[in-house]
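Undergrad: Okay, so the sequence shown: first residue is 1 according to the numbering used here, each after it adds one.
In short, the hints are calculated from the structure, not lab data. Be aware that one or more of the hints could be misleading.
Unchecked claim - Simulated DEER-style distance windows between Cβ atoms:
{"id": "1", "residue 1": "158", "residue 2": "236", "range": "43 to 53 Å"}
{"id": "2", "residue 1": "45", "residue 2": "173", "range": "16 to 26 Å"}
{"id": "3", "residue 1": "204", "residue 2": "172", "range": "18 to 28 Å"}
{"id": "4", "residue 1": "248", "residue 2": "209", "range": "15 to 25 Å"}
{"id": "5", "residue 1": "154", "residue 2": "236", "range": "36 to 46 Å"}
In this text, a Cβ means the ideal position worked out from N, Cα and C, and glycines have one as well.
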Amino acid sequence: MKMLDVIATSILMTASLTGAAYAQEAPKSLRIGTSLTQMPWGFYDDNQKPTGVDVALCGAIAKQLGSNAEFISLDFKGLIPALQADRFDMVCAAMYITPEREQAIAMVPYIQASQTVVTKKTADIEGLEGLCGRSVSVLQGSGSLKVLQEASSKCEAAGKPAVTIQAFDTQPVAIRALENDSVEGFIATDSLISYYMSKNDSLKKVATGISPTKLGIGFQTNNKALAKLVADALTAMKADGSYDAVLKQWGIESAALK
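All chains should be modelled from the sequences, with the hints used to inform the complete structure.
TA: So, in C-alpha cells, the structure goes:
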C-alpha cells in the first residue's frame, strides 16, 4: 500500500473512532437547560423558535456530538436546582463560573464576559461608585447581582448609602424597570447590554468591563464524562472555525475564549 493511502486510511479510522466515541457516550437527545428571556443569549424569535448565542453555540455542540438538541427554558434562578434534579443534561445560559457554583455543579468554560451598568442618558451617574444611594435592576441569581451586592457593600464601607437593588426573574422585566423609571440603572453582561443598546438609543453606559470572568456550561457533578465530551467538542469547534463563526454571527467576537 502506498504511503499516502496508509495516511488517508489512518485519518479515516481516527475520524471514525472519534465519531464512534461521541455516539457511544453522548445521549441521542441532549436536554439543554436555558433561560429564553436573555437577549442575545437565548430568546424566542418572531416565530417562537429558540434562538440566540447559547442556542446557536450549544446547538452546534450537540451536533458535534451527534446528538439532537432539546432546549428547556426556565427562569434563570431555577436552572441549577433543575439540573441537579436531572430535568436536563446540561445548562447553557450565560452562567458565570463562580466558586459557589463550582461547589454545586461541574462547569466547562465557553465564553469570556464582563459587566456593564447603563442608565438613561439624562442621568447624572458615573461609574460603580456613582450607584451609591441609587436604585438598580438586575437578573435574580445572576453574576451581575453579585457584582451589584459587592458594589453596595463598598458604598456602605465608605459611609455612603447602599445601592437599592431590585432583582427580577427575567432580563426583559429588569430592563423595563429602567425604561419605566422604576430604577435609575441596570446591570448585565457587556454583550447583552451592547445588543440591547443597538435597538435602544435612550441609554448610556456609565461603567463597563467590570469583573471580567468566564461563562460556563453546567453539568451534574457526577456527569464528568459528558462534561469532557463537551469540552472536547468545543476544542474541535475552535479548531475548525465554527466556534468563532457563531460569535461573529451575534457580533460578540471579542467574547471568544483564547
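Undergrad: Does each hint hold? Answer for all of them.
TA: Evaluated hints:
no.: 1; hint: 158 x 236: 43 to 53 Å; result: holds, 49 Å
no.: 2; hint: 45 x 173: 16 to 26 Å; result: holds, 20 Å
no.: 3; hint: 204 x 172: 18 to 28 Å; result: holds, 20 Å
no.: 4; hint: 248 x 209: 15 to 25 Å; result: holds, 21 Å
no.: 5; hint: 154 x 236: 36 to 46 Å; result: holds, 43 Å
Checked against the numbered hints given earlier, this structure breaks none of them.
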